[in-house]
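Colleague: Line order of the protein sequences matches chains A and B. Take any residue in the first sequence, note its place counting from 1, add 146, and you have its number in our numbering. Take any residue in the second sequence, note its place counting from 1, add 180, and you have its number in our numbering.
It should be emphasised that the hints constitute simulated quantities derived from the structure, not laboratory data. Hints are supplied without guarantee of correctness; some may be wrong.
Only part of the chain B face toward chain A is listed, based on derived beta-carbon distances under 8 Å [what the hints assert, rightly or not]:
id, residue
1, Thr-182
2, Ile-186
3, Gln-235
All values derive from a computational prediction rather than experimental measurement. Idealized CB from N, CA, C, for every residue including glycine.
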Amino acid sequence: MIGPGEVPRLPRGVRVQPDRVRGGWVLLAPERAVTLDAVGQAILAEVDGSRSFGEICARLAAAFGAPEAQIAEDAGGFLSALRERLFLEVSP
Amino acid sequence: MTRPPIAMLAELTHRCPLACPYCSNPLDLVRGAAEMGTEDWARIFREAAGLGVLQLHLSGGEPAARRDLVDLVAAARAAGLYTNLITSGIGLTAARLKALDAAGLDHVQLSLQGTDAAMADAIGGLEGAFARKLEVARQIGEIGFPLTLNAVLHRRNLHQLPRAIEMALELGARRLEVATVQFHGWALRNRDALMPTREQAREAGRIVAEARARLRGRLVIDYVPADYHGDYPKRCMGGWGSTGLNVAPDGTVLPCHAAQTIPGLEFWSAREVPLARIWAENPAFNAYRGTEWMAEPCRSCERKTKDFGGCRCQAMALAGDAGATDPTCVKSPLHADLAARAGAHAAADAAFVFRPAPGRVAV
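Extracted from the complex, chain B is given alone in its bound form (with noise of 0.2 Å):
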């Protein structure tokens, strides 16, 4: 039988009043009128603790662009999920996360897109944003939620890295994830503009070493290093099908956010098809799963259970081939042309491409 994942990430809604230009959503949004009901998603939520998830992420798009988010958490804690709120803060109101504190809501993990308004506000695309994330930030605080900060850096805003720590301790944060910008979604068609450059990710890993063993028992810091940088792929998923799964605003299932950009595979929908059957039986959640699938130097490699071979969707991106060795691996016959393309993308001087509003034309 297939090990159970633990892991349920529900893209609620595509919507968002924010625009990042490495947002995580397909360049392909769901539109407004095709996401699913309040029944829906809480019939997907108990079949998702049925089947063995614990953790509930609730994230987007804005999830809080959601009118029912109150009874969707309300709905997820009485499966028994724990439920996590991934936000950027707006759309949240005081009076909104009390209702979510009664609801039962778990824990808030707040975007950071910043550590001023100038950075923050230019990045989200939205003016007044940090602002209002912050008053935000203070009520969460106030109620007393738990509360991940989750800076997302790159290029244009690694240099306020130290600053985002201290932003997480003033916050009274527990946990901060310094997230290196991974490229998918958008991130990978803006990755001109938002490389960072091999000094600045060196740079990265030392102010976090460092930040880990002065703020030790105060804060926790998770680190995504830039992986085009590094010697070794990242984890991804924890393997494919392995330990979480995503649910589209529509109800397709996906092994992980960016999935649909493999050619070949064939998503189902939670709409028609239930859960536990999609985790076992859609041949898309068995094509990249354990490691019968890969082929050399994956097949041979010492650490192929510990990292899987690394993102299947960056290989299909770099390499042309899902079923090949992640490019960021040193092990890749890619690597080496990779690393001088990190320098390149580095060096490189291009606007951001933001995302549109789903329904809106792309750009």
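The shape of chain A in the complex, shown without the other chains (with noise of 0.2 Å):
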């Protein structure tokens, strides 16, 4: 998992998208197209590569009306898939 002060970034050959053709949005990288839904899509608009791990799950919950707890837990799993992928980096 990602710990609270972590920092999350799309690394360099990552980005996010719209996709025109089919709607909704895209994550592109290395030889690699994922679909994203709208949470993932709402999950990775706050990924910039400053704001902590922390800071995001705090900003989702506001934005969402949702438990932190629970907000950390979604995010924290979808991010940690990126990661492992190597589509995401985390510098601490």
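Assembly of the complex is requested from the two constituent chains, each provided in isolation within its own frame, with the hints serving as guidance.
Modeller: Printed below as a string of structure tokens:
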């Protein structure tokens, strides 16, 4: 899992852009394209390379009116899966 | 409406300084003079993005043999495509890599013919190629391009797999493709020289599984196993006419790089017909799309939407019928015979037939 003080960021060669043919958003990485649902897109929209994971969770909790612990679990699971595929880097 | 493709392979040229005996280009190579120009390619990139393509693989031959490679990358990025350069590294200089960086190139996939100069230069048929490649890999790392190493493995070099994994880490690659040679194009002609033994194929699977567990989070390993020694066929192209398409150097649009080996299919040119129309309407794309074309045992198989009956070109090559079950599947009536033949190919002693440069007389 990602600690609250750690800062996630998309490494070079990974970007999120609108899918103008199918609608929605897509994460593009080396030889991979991952369709993002609304939740995934909302999480990645907060990943800017400077906000910590804790700050991201607080912002999402405020935006969606959800408990922060729940957000941390969902967003942590999503970002950890991206990290394992090397689509996301985390710095302390 | 037909679901749009995700990826397009642009074979910018069939020219290549290497002569690998497993080259996936067709035996009948397109000559340099027949290649499309920059404007045609740029228009096709825009058409592809409009059709729904997200990933563009710039390949060849050797794409660096195109003098307009930087302009082509810029055009692809302007169209909104993710650009992946599939290269041997030969023909890339530090200055050219910097220009590709400025043009927005997203990712580099560097091929590995072997893990030392003796092996790599012998397979690629070019002395000094390995040393040059290592220098290019260093420059790629300096710029910071995300890097995938693509190691094509076969009987002669499968013992180098552990070293290939080490090299991927040393060169800072994020991904390693361990691609056991697939028998299409020139590889089909070189089956006796390239076929791995069953023991080699099994050992490769073990090494990959061990490395994946050990390197989780550091290196992603994609693995293409030796399908002649397997039980089920590969999910070729994610299904015919389903996720990807190829454009040959002269603009011919193909469902896969070997599709021209299937007789009776007529392929259209992106020089003459819009890409979206080819994707939706060209009978060659519809010939094996979905599952309606299948016969038994595929038709009633529970795996039919998992592997789509395997590879149509392999069914053509091995069963003489592109609509048959890929004989690498245990359910194919030809499977037992194929397994025996795989053993015979692996035990054969044959010299390589290298692919020539297009324009020269074929071997």
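Colleague: It remains to establish, for every hint, whether it holds in the given structure.
Modeller: Results of checking the hints against the structure:
1. Thr-182: Since the shortest Cβ distance to chain A is 12 Å, the answer is violated.
2. Ile-186: holds (5 Å)
3. Gln-235: Nearest chain A Cβ about 6 Å off; hint holds.
Violated hint for the displayed structure: number 1, the only one.
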